[in-house]
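Just so you know, the protein sequences line up as chains A and B, in that order.
Residue numbering for the first sequence is 1348 to 1479, as defined by this note's numbering.
Residue numbering for the second sequence is 247 to 369, as defined by this note's numbering.
Treat the hints with care, as some may be off.
Only some residues are given here: those of chain A computed to face chain B with a beta carbon under 10 Å [as the list claims (entries may be wrong)]:
no.	residue
1	G1385
2	L1399
3	T1417
4	L1440
Cβ pair distances, simulated, as ranges [as the list claims (entries may be wrong)]:
no.	chain 1	residue 1	chain 2	residue 2	range
5	A	A1410	B	R338	42 to 50 Å
6	A	T1417	B	I312	22 to 30 Å
7	A	E1457	B	T273	21 to 29 Å
8	B	P284	A	A1375	23 to 31 Å
If you're looking for bench data, these hints aren't it; they were derived computationally from the structure.
The beta-carbon is built from N, C-alpha and C at its ideal position, and this holds for glycine as well.
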Amino acid sequence: MADAKPAQPPRERPLSPHLQIYRPQLTAITSILTRITGNALIFGVILAVWWLLAAATSPEYFAVADAVATSWFGDLVFAGSAWAVWYHYLAGLRHLYFDAGHGLEVKTAEKLGWACIIGSVVLTALTILLVQ
Amino acid sequence: MRYLTARKRAEGRGASHTGTAHHWSMTVSSVGLAFLVPVWLYIFGKALGQPHEVVVATFAKPFPAILTALLLVVGMRHFAMGATMMIEDYARGTTRKMLVIFAVSLAWVVAATGLFALARMAL
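Let the sequences and hints guide you as you build the complete structure.
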C-alpha cells in the first residue's frame, strides 16, 4: 500500500546476550575451554610426532628434534599439552555424563566444572611427577 | 510415489542431514581415547628425554608401538572431526571449506608421519 501509516520507529527487538557484557559463567567457560584445549592439542601432537620421526630417521636428526623437545620451549609445549589433554579428558567424561542425561542441574553442572578445572591441574602435576 | 512418510525420512537426521552420525563417532572415539591416553602419556613421558637408542627400543616394542599407532589413528580422526565442528561454527563459505580441508589433511599427515616413524622403529 502506497499510503500506509507514517513510518513508526522500529520496535525494540530482544537481543541475544552480548558476549562483551554478558557475565561469564563457569559452565560457559568450562565449555569453551573444552574446545580450545582439544584443538590446541594439535601443537603438542605435532611436536611429539616430529620427535618420533626424527628418532626413526637418524641419531643426528634425533639430536636436533630432541634438543627442541627437551628445551624450555619443548617443556612449555608438553606441560601445556599435559594440562590441555587432562582438561579435555575430564571435560569429555563430563560430556558423556551430560549426554546420558545426568548432571544437568545448575549446581551439579558447576560442581562438575570445578572438578574439571581442579582435577586437570592435579592430574597434570601427577603426570609430570610420574614421568620425570 | 514415496511409500516412506515425510516424518520417517526426516526422523533423527536434523539440520546436518547426517543425523547423529558425527556426534556418535565423537562419542565412540572419545571412549577409546579415554583408555589410550593415560597409558600413552606414561610411555611417551618416560621416553622423552632418554637417549636415542632407548627411545627407538621403547617404540620398537609391540605394546608401545601398537598403543601409539592406535592413539594416532583414533586421536587424529577425533581431532579432524572436532576441528571441523569448530570451523563450521565460526567460518562460512569458501573460508569454511578451505579450513575444513586443511584440518582434515593436517590430521592425516600427522597420523601418517607418526605411523611411518613407528614402522621404521618397530620393523
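Could one say that the CB atoms of A1410(A) and R338(B) fall in the range 42 to 50 Å?
45 Å Cβ-Cβ, so the 42 to 50 Å window holds.
Classify the hint on L1440(A) as holds or violated, based on whether any CB of chain B lies nearer than 10 Å to its CB.
holds, 7 Å
G1385(A) as chain B interface residue, shortest Cβ-Cβ below 10 Å:
holds, 5 Å
Is the hint on L1399(A) kept, meaning its closest Cβ partner in chain B is under 10 Å away?
holds, 4 Å
Distance restraint hint 21 to 29 Å, applied to the beta-carbon atoms of E1457(A) and T273(B):
holds, 24 Å
Can you let me know if the beta-carbon spacing of T1417(A) and I312(B) is within 22 to 30 Å?
holds, 26 Å
Consistency of beta-carbon spacing, A1375(A) to P284(B), with hint 23 to 31 Å
Distance hint for P284(B), A1375(A) holds at roughly 28 Å.
Supplied contact hint for T1417(A), tested at 10 Å Cβ to chain B:
holds, 5 Å
In this structure, none of the earlier numbered hints is contradicted; all agree with it.
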